[in-house]
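Colleague: As a plain string of letters, each chain reads:
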Amino acid sequence: MPAWLDLVVRVLIVIIVIFVAPLVIGQTEHKVMAHMQGRLGPMYAGAYHGWAQLVADAAKFIQKEDITPRAADRPVFKIAPVISMLPYMIVVLVIPLGPGGLVAQKLDIGLFFVLAVFGLGVIAVLMASWASANKFALMGGLRAAAQLLGYELPFVLAAASVAMAAGTLSLSGIVEAWRPWWLIWQLPALVVFFLAGLAEIRRTPFDMPIADSELVAGYLVEYTGLRYAFFMLAEYAGIFVISALTTVLFLGGWKGPFGLDTELGWLWTLIKIACVSFVVLWVRIAYPRLREDQLQRLCWLGLVPAALAQLVLTAGVKLAL
Amino acid sequence: MTVADVLLITIGAVVLGSALLVVTTRHLVRAGLWLIVTLIGVAAAYLVLTAEMVAWVQILLYLGAVVVLLLFAVMLTRAPIGVSDDLNRPRWPGALVGLGAAGALGALLVNAYRWEKVELPEAGTAERIGEQVFQSWVLPFELVGLLLLAALIGAIVLSQPGDDSVSGRKK
Numbered sequence: 047m048p049a050w051l052d053l054v055v056r057v058l059i060v061i062i063v064i065f066v067a068p069l070v071i072g073q074t075e076h077k078v079m080a081h082m083q084g085r086l087g088p089m090y091a092g093a094y095h096g097w098a099q100l101v102a103d104a105a106k107f108i109q110k111e112d113i114t115p116r117a118a119d120r121p122v123f124k125i126a127p128v129i130s131m132l133p134y135m136i137v138v139l140v141i142p143l144g145p146g147g148l149v150a151q152k153l154d155i156g157l158f159f160v161l162a163v164f165g166l167g168v169i170a171v172l173m174a175s176w177a178s179a180n181k182f183a184l185m186g187g188l189r190a191a192a193q194l195l196g197y198e199l200p201f202v203l204a205a206a207s208v209a210m211a212a213g214t215l216s217l218s219g220i221v222e223a224w225r226p227w228w229l230i231w232q233l234p235a236l237v238v239f240f241l242a243g244l245a246e247i248r249r250t251p252f253d254m255p256i257a258d259s260e261l262v263a264g265y266l267v268e269y270t271g272l273r274y275a276f277f278m279l280a281e282y283a284g285i286f287v288i289s290a291l292t293t294v295l296f297l298g299g300w301k302g303p304f305g306l307d308t309e310l311g312w313l314w315t316l317i318k319i320a321c322v323s324f325v326v327l328w329v330r331i332a333y334p335r336l337r338e339d340q341l342q343r344l345c346w347l348g349l350v351p352a353a354l355a356q357l358v359l360t361a362g363v364k365l366a367l
Numbered sequence: 748m749t750v751a752d753v754l755l756i757t758i759g760a761v762v763l764g765s766a767l768l769v770v771t772t773r774h775l776v777r778a779g780l781w782l783i784v785t786l787i788g789v790a791a792a793y794l795v796l797t798a799e800m801v802a803w804v805q806i807l808l809y810l811g812a813v814v815v816l817l818l819f820a821v822m823l824t825r826a827p828i829g830v831s832d833d834l835n836r837p838r839w840p841g842a843l844v845g846l847g848a849a850g851a852l853g854a855l856l857v858n859a860y861r862w863e864k865v866e867l868p869e870a871g872t873a874e875r876i877g878e879q880v881f882q883s884w885v886l887p888f889e890l891v892g893l894l895l896l897a898a899l900i901g902a903i904v905l906s907q908p909g910d911d912s913v914s915g916r917k918k
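So the protein lines, in turn, are chains D and Y.
Per this note's numbering, the very first residue in the first sequence carries number 47; after that it's consecutive.
Per this note's numbering, the very first residue in the second sequence carries number 748; after that it's consecutive.
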């Protein structure tokens, strides 16, 4: 295959993944949430257990009027939803699915790249919140910024612990160095990374910037139709990316229980991503939203010290080995 | 002209244009947004020069933290939508300092290298930077770490509420 065709195919696959995975997760959320709450969820669209509900939703979003508030900063308001998707699309490029280069773009410092790009998601939120010219939106944006600045620290520290343990910044290299007993050794980092990741994508119980019962819907309040749908898509793409990162960094990526990693590696990765995504949905259904001060307390008094302690532990074990 | 040259010139033009917009736009928050474009451009220039580690550090720190903090501060205090007419921007002194610095640096570089060709050094991978920092530059690295630690403790002490003897404020 010529180089350019190879590149086009890889980019196309990434684009398909980043648009399909959120839909699958969204539909799963409909059904999982419904069953956990003792109801059925969508049942009519598409006949079999409402599988086409999100297609129907998309048709609804397309038909809705695209409203821009008169006082809004038009160009910034309009471009913000598109920018909200970009960081997640770029991150998916370097996440390895299986061994032997089953990844869209190999990168020696993949972990660092992922952390750097992932933090950019908040810029779209800040743009949307400010350009909406709405006080609820602005407050949502401020909360998002404060939240991101705080949670970035434990997020990066937990990832650094794994990088130290594996001795590499390459995501494929980390999976290769991974051993099952790391599940215990890196357990605190796993918990910190997962929680901080949930906070970074502003997912319940860390969805203070949206908080529909206090801020109406925060930075989403002025958005309608397709632009709103884009923000929703970005949220579910964020779940996919966080689940994939947790899988690759802490759960051994393509390593499965019976060998056969070369043939079935991609399947193990996908199964693990699906399981982590399920936990993300479960957390949303099980826990109420944190209060703003509780959110900052959890970060600075819980996650940051835990991440630092994990770094000391990792260094200690690494030196002892 | 190689591909790298063309890329560098294009990126340079984008950086220069967006940097000019940062200082000339009269929309307060948009100046911050143009700063994002400028910093991404600088990171892209690092990438073209094969300093990938520095490029991603630039994105992580400047875009992920510094610009977000800056936008946060602007929005927290005063962030009008639309044109702000009361911006206090000293035009001529600003232009003088900016052009002076650019001219002096440009003259210095042109004078130092003329038409000499400089080969690109080895790629700035994380491994190589790590080796350099922890072998050749350990002492400066530790000193910088100490300085940052002192600044961190200082910031915590200064932000303690209610302790007038430290902050020097009277209630």
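One or more hints might be untrue.
Said to hold, decoys possible - Derived Cβ-Cβ restraints for the label pairs, each shown as a range: (1) Gly847(Y) x Val66(D): 52 to 62 Å; (2) Pro840(Y) x Val66(D): 33 to 43 Å; (3) Val753(Y) x Leu53(D): 18 to 28 Å; (4) Pro334(D) x Leu856(Y): 42 to 52 Å; (5) Val66(D) x Leu852(Y): 47 to 57 Å.
It should be emphasised that the hints constitute simulated quantities derived from the structure, not laboratory data.
Idealized CB from N, CA, C, for every residue including glycine.
Colleague: Are the hints correct? Go through all of them and say.
Modeller: Here's how the hints hold up against the structure:
1. Gly847(Y) x Val66(D): 52 to 62 Å: holds, 55 Å
2. Pro840(Y) x Val66(D): 33 to 43 Å: The hinted range 33 to 43 Å is violated for Pro840(Y) and Val66(D), with Cβ atoms some 55 Å apart.
3. Val753(Y) x Leu53(D): 18 to 28 Å: holds, 19 Å
4. Pro334(D) x Leu856(Y): 42 to 52 Å: violated, 59 Å
5. Val66(D) x Leu852(Y): 47 to 57 Å: holds, 49 Å
Checked against the numbered hints listed earlier, the structure breaks hints 2, 4; every other hint is satisfied.
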